[in-house]
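According to my numbering, the sequence shown holds residues 1 to 371 in order.
Treat the hints with caution; some may be incorrect.
[Stated by the list, open to error] No farther apart than 20 Å at their CA atoms in a straight line, the calculated lysine to aspartate or glutamate pairs in the EDC-like style are these: (1) K310 x D343; (2) K50 x E66; (3) K330 x E284; (4) K219 x E79; (5) K34 x E17; (6) K34 x E79; (7) K201 x D225; (8) K219 x E230; (9) K36 x D15.
[Claimed, not checked] Estimated spans, in silico, between C-beta atoms of each pair: (10) E230 x N64: 29 to 35 Å; (11) T173 x S91: 55 to 61 Å; (12) P134 x R109: 16 to 22 Å; (13) E230 x Q285: 33 to 39 Å.
If you're looking for bench data, these hints aren't it; they were derived computationally from the structure. Please read these numbers as outputs of a predicted model, since none were measured by experiment. Where is the CB? At the ideal position from N, CA and C, for every residue including glycine.
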Amino acid sequence: MKSIDQLRARLDEVDGELVSLMAERQRIVGEIGKLKRSIGQQTRDFAREKQVLDHVRERAAAVNLEPDLASTVLESLIEYSLRRQEQARLSSDARGAGGRALVIGGAGRLGRWFVGFLASQGYAVSIADPAADPHQDGQYLQWQDAGTDFDVIVIAATLQSSADILDELIDATPQGLVFDVGSLKSPLRESLARAAHAGIKVTSLHPMFGPSTQLLAGKHIIFVDVGCREATAEARALFGATMAECVDMDLDAHDRLIAAVLGLSHVTNIAFMEALRHCDAPAEQLLAISSTTFDAQVAISGNVVNENPKLYFEIQRLNEFGGQSVAALKRSIDRISRLIEQDDLAEFDRLMRAARTYLATSSAKDEAAPR
């Protein structure tokens, strides 16, 4: 029999071969990406991805390897490849080459994301933020010190600050594109309308992803036209080289849906952690016997409670539709509690079946949507 050291040495060789093969795969993918860009073909091909994954699962089964393991590894490689191709497409398009951009709130998490995103397109990006370092070129403590001579101005501030900045920008009459990235739009309604009426090239965006996002494939960006179609079209063009899913929406519809998508999901997870905190058991004890569902819920809720409390409070407090979602949550908890107290298994079963039907209908529509 071989010794452990000999087996480990062979394992190191296999690992090295795997790394070399992954590098070769990425090199080939890079060549494919270049060809796609040269002929104007889209970066992502869902049919081809499925073909690759199906083939890999078949090969894995043929050599007695778990198909799930093989497909998981390939999915990670595909995602990394897509991210590299998306970044390469942004750089090669260089739509911002020679242009200047200002990110107000550029030291914040989402602000920093936009700094990197615009820089990848060739813009010379400045930031204005109380946390900026004024000794560094292109960094200002106040946006007024930076001026408004920019091709793009991004407002990545709190909702109240964003409204104030928009109002002040009206007097400064910037000539370039101006947009906010607020999670709600109704608190900005009047300021956005005044800016548009004053002739500012203004629109409103809502990136539906976190600042740690590197690949925009499958991520949504909502565009709210506030009266300047040119501005909205120009803002959409910034994401033209990405694989983001751009969604047009009016202001009221945005906040009504966000009350569920963000407001309800946030308050549900915060409530879960608050209830957990009063379960008379230390977190380490619960985690020591955790289930799959519990682990998943704690992971999501943990991410939520580690976010900015002021921002999350604004999303709850300033959305004129927010009370409807919270009220729906209260009614749902009361109903479930009542069914349990009344020992009503039949109605509890109907409730869960109705939830499954709701999700199944949504999934069917998504699968039928053209890619």
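Hint check results:
no., hint, in the structure
1, K310 x D343, "violated, 41 Å"
2, K50 x E66, "holds, 18 Å"
3, K330 x E284, "violated, 29 Å"
4, K219 x E79, "holds, 13 Å"
5, K34 x E17, "violated, 26 Å"
6, K34 x E79, "holds, 17 Å"
7, K201 x D225, "holds, 11 Å"
8, K219 x E230, "violated, 23 Å"
9, K36 x D15, "violated, 31 Å"
10, E230 x N64: 29 to 35 Å, "violated, 60 Å"
11, T173 x S91: 55 to 61 Å, "violated, 32 Å"
12, P134 x R109: 16 to 22 Å, "holds, 21 Å"
13, E230 x Q285: 33 to 39 Å, "violated, 59 Å"
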